[in-house]
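Undergrad: Residues per chain, in single letters:
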Amino acid sequence: NAGVMQNPRHLVRRRGQEARLRCSPMKGHSHVYWYRQLPEEGLKFMVYLQKENIIDESGMPKERFSAEFPKEGPSILRIQQVVRGDSAAYFCASSPPSGWNTEAFFGQGTRLTVV
Amino acid sequence: GESVGLHLPTLSVQEGDNSIINCAYSNSASDYFIWYKQESGKGPQFIIDIRSNMDKRQGQRVTVLLNKTVKHLSLQIAATQPGDSAVYFCAEKLDNFNKFYFGSGTKLNVKP
Numbered sequence: 782n783a784g785v786m787q788n789p790r791h792l793v794r795r796r797g798q799e800a801r802l803r804c805s806p807m808k809g810h811s812h813v814y815w816y817r818q819l820p821e822e823g824l825k826f827m828v829y830l831q832k833e834n835i836i837d838e839s840g841m842p843k844e845r846f847s848a849e850f851p852k853e854g855p856s857i858l859r860i861q862q863v864v865r866g867d868s869a870a871y872f873c874a875s876s877p878p879s880g881w882n883t884e885a886f887f888g889q890g891t892r893l894t895v896v
Numbered sequence: 002g003e004s005v006g007l008h009l010p011t012l013s014v015q016e017g018d019n020s021i022i023n024c025a026y027s028n029s030a031s032d033y034f035i036w037y038k039q040e041s042g043k044g045p046q047f048i049i050d051i052r053s054n055m056d057k058r059q060g061q062r063v064t065v066l067l068n069k070t071v072k073h074l075s076l077q078i079a080a081t082q083p084g085d086s087a088v089y090f091c092a093e094k095l096d097n098f099n100k101f102y103f104g105s106g107t108k109l110n111v112k113p
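Line order of the protein sequences matches chains A and B. Under the numbering used here, think of the first position of the first sequence as 782, with each following residue one higher. Under the numbering used here, think of the first position of the second sequence as 2, with each following residue one higher.
What the hints contain is simulated information worked out from the structure, not anything from laboratory work. Take these hints with a grain of salt, some might be off.
Stated by the list, open to error - With a cut-off of at most 30 Å between alpha-carbon atoms, the simulated BS3-like pairs for lysine-lysine come out as follows:
#1 LYS852(A) - LYS100(B)
#2 LYS100(B) - LYS843(A)
#3 LYS808(A) - LYS100(B)
Said to hold, decoys possible - A short, non-exhaustive set of chain B residues, derived as facing chain A with CB atoms under 10 Å:
#4 TYR37
#5 GLY84
#6 VAL88
#7 PHE101
Glycine included, every Cβ here is placed at the ideal spot set by N, Cα and C.
Could you put together the complete structure from these sequences and hints?
TA: This is the structure we're talking about:
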């Protein structure tokens, strides 16, 4: 039973380019969450998605950032026109359908470096 | 917004000693709490959880205590080992959406 798979593990982009981060949830999980982590800091919630629906995007920057979780395929976090301040580790987590006290399982993260 | 905070950013302990990592939360409506361990270069891993209707839960070498009166959570690690060196996060869940709020973390250094 594979865990949450994120790719790529490391991504280098030049300023102004686009970054696409992928997350395949655990089998049977229909909920996906994206978190961002700066060095020596905690995890900042970005967005919560179910299949084909964005449930909560209150943590997403209003510009350049978007996320999707299509019916088929992985969840994608897309950052357009990246800037140096976007450099961070981006973690994806997944969980089973919403229920009482269900933990989230994390992937290994994608480390984005903007040069 | 983020509502979980930690008292100690860094904790150094001697191998074999017990460790206590603390966490404060601000929302009395939080009903579920998890401690995660994050090793360098890896994603957070579940350690132990506790529901709001409990005040203590024990696992293997770890114990979580919940004090709802003062909105305080702690993680106790018995006989700390070098492999316990990591950053520890507490997280609270505010509703049934599985949306967790994380604190800034405590870095645990275990000295041999």
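Undergrad: Going back to the hint list, which numbers does this structure go against?
TA: Going through the list in order, the structure violates hint 5 alone and respects the others.
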